[in-house]
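Novice: Line by line, the protein sequences give chains A and B. Mapped onto our numbering, the consecutive letters of the first sequence carry residue numbers 1 to 384. Mapped onto our numbering, the consecutive letters of the second sequence carry residue numbers 1001 to 1384.
Any given hint might turn out to be false.
[What the hints assert, rightly or not] Examples of chain B residues toward chain A, derived with CB under 10 Å: (1) GLU1076; (2) VAL1079; (3) SER1211; (4) ALA1222; (5) VAL1223; (6) TYR1265; (7) GLY1329.
Just so you know, the hints here were simulated from the structure itself, not pulled from any lab data. These figures come from a predicted structure and were not determined experimentally. Don't be surprised by glycine CBs; every beta carbon is placed ideally from N, CA and C.
Protein chains: 2
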Amino acid sequence: MIHRVTTVRSRIEVTYTLPATSRRAAAALARAIALEQTAEMPEETVPRRIAPLVVGRVARVTRNGTRRWRVALSYEPEVAGGELPQLLNLLFGNVSLLDGIRVEELTLPPAVLKRFPGPRFGIAGLRRIAGVTERRPLLCAAAKPVGLTPVELAAICERFARGGVDIVKDDHSLSDQRWAPFRERVMRCQEGVARANAATGGHTAYFPQVSAPVDQLEERLAVVREAGCRGVLLAPMLVGLDTVRSLAERSGLAILGHPSFAGPYFGRRRGIAPAVLLGQIFRLIGSDGVIFPNPGGRFPWPVQVCLAVVERLRGPLGPIAPAMPVAGGGVDAGRVRYWMRLYGPDIIYLIGSSFYRQRDLEDAARRGVALLRAGHLTREARGA
Amino acid sequence: MIHRVTTVRSRIEVTYTLPATSRRAAAALARAIALEQTAEMPEETVPRRIAPLVVGRVARVTRNGTRRWRVALSYEPEVAGGELPQLLNLLFGNVSLLDGIRVEELTLPPAVLKRFPGPRFGIAGLRRIAGVTERRPLLCAAAKPVGLTPVELAAICERFARGGVDIVKDDHSLSDQRWAPFRERVMRCQEGVARANAATGGHTAYFPQVSAPVDQLEERLAVVREAGCRGVLLAPMLVGLDTVRSLAERSGLAILGHPSFAGPYFGRRRGIAPAVLLGQIFRLIGSDGVIFPNPGGRFPWPVQVCLAVVERLRGPLGPIAPAMPVAGGGVDAGRVRYWMRLYGPDIIYLIGSSFYRQRDLEDAARRGVALLRAGHLTREARGA
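If we strip away everything but chain A, and leave its shape as in the complex, we get (with noise of 0.2 Å):
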């Protein structure tokens, strides 16, 4: 029992869920991650001074349903050596390679967790970026398409500031394309939304997209701090997690990451559940804003799925700040006053296609702030 309490709190606990037609081929498949994840060699072949230090351990084997089966299985720390990639590679390096087996939960001891920044500037920097000081979900739109120009992107974002959205984000396809280089189009689109600041008295931010070749990252982020701006937005699968790590730790910039081919880890029977990799490995990194496909729009996530991300970006995870979840993916402006009882007030919407529905940008951003701010008051109202 003494055993269990200390495993729990140093070392790291994975739970997977993996095929079997017994216990016992469960316990077995168990031992054999364990294995694969750490020495990588036959047991009877791993050197006995090492065994016990290295190779990971069986601590629970459960039933989950026809066939399936739930394994809780501990890690030492020093294993990953509080790196990044290696601890990646420890919860599921090798075995993704294996059908079937997905990760369900990841319990890292503080001693893991202080080796990651986490988010610098979270919920409450992201509303105080955006100048938001009622407790009231944040308004994001999307500069889009690629293909625009410049001036023609800088055009769509200061109506969307003049309509008072709390976040005008670039979309995630925009880059360096010849249609709008890099700097001139953050150049443009900061002063645009600069103009409708001054002419509102607003305080909407924008975040360049910045998803860029590594070694054009940090003259990218150059460009953005002289624009002015205060946060970006980065793909972690696109750009590499350990990269997103990396400038969370050093640009001084808020990082709103997007979910761009992590698609794969989703698997209902392979892969990553949403809840570690989004909710917790993306926070670990440093996102302080997580984007997330909400249910209802274009992809076909379970509500239950977005809730957990939702609370593991917002719960406690020792000394690493909350998370920003980031409602996208296809989020009706109708029905944000739905989605506002289910998530609370720490929220941002991403809103995109349904404004461009709409036409009158400014006046489709205004109506939405509106239905926030007007749910929020209800809220208070109601004494939530």
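Here the structure of chain A is known, so what remains is to put chain B in place on it, guided by the hints.
Specialist: Then chain B, alone, in the frame of chain A:
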């Protein structure tokens, strides 16, 4: 007809398989993908001037089994702008979040191919580094497990080198753990290999594992060069695909790409075909050798999937040099003769557990190399 030819030559073409109950539904989903991956807004809201420039085009829709369809889409290369993160985004960014869609084929036009380094050493270069003049497969062994000291790991490297393996690589879980700090491990292991080479007159190369935090990569590569190593092991999904691309362009070291953490992409009805991700993208970013899980080992890949990977690594790809396939994941030294007939001479066999089970590593390695030489001579005698 002229239009089709132009399209194929100058545009990026991606073939996806997807679920649909009719041709009409498949075509509609294909159009939705074409929009999602580019303009990312409803068709009717894309500015009329922009649509023909940036929105993907559906080239072909063909049946692919029961309720599965194969659709070929073409994209304007400038949408990716010659940047790897945006190329990945265009290929499978948001649609990776949809169920049941898989990237089956990727054809890049010359203008895109020339933006990527490809293997700097490739098949010929790895032979040169390992001093192998015969046209036989190479043998690679792995130093492990994590938890050993630098002296113990060096002893293993030395024994493999004395046995004559062509390359000794670190296990992909060796990084900078307190049991064997990076610098000391690399120096000792390289010394061990050099000692063996001096004794036998051999040319075994030692490739350290460097999938490190991105801000420590330069320092680690400097250690690798200082030690006199000519190549490294890198797991692109752990450090970022574009990080490997950048290192391939400027490190001057040969790169073995490891598939750790890439498994979720290899679903049968989701993700990216291994021939595309390992065979084309890993090669495009500059992997000189690419490790894949060989059939009959610990990972259940069908032989035709592996053959497709091998074919894509070695086959023509514009100006990009061929890369060496590395069959791993539990290759049985006793079955190498079988695989040699299948794969031919341009391949590396990565043998781990099978050697460790034999206890005498030097002898096991010696017999492994003898097998490859004999197989080669047999082929020569047959006029192969």
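Novice: Looking back at the numbered hints, which does the structure fail to meet, lowest number first?
Specialist: 4, 5
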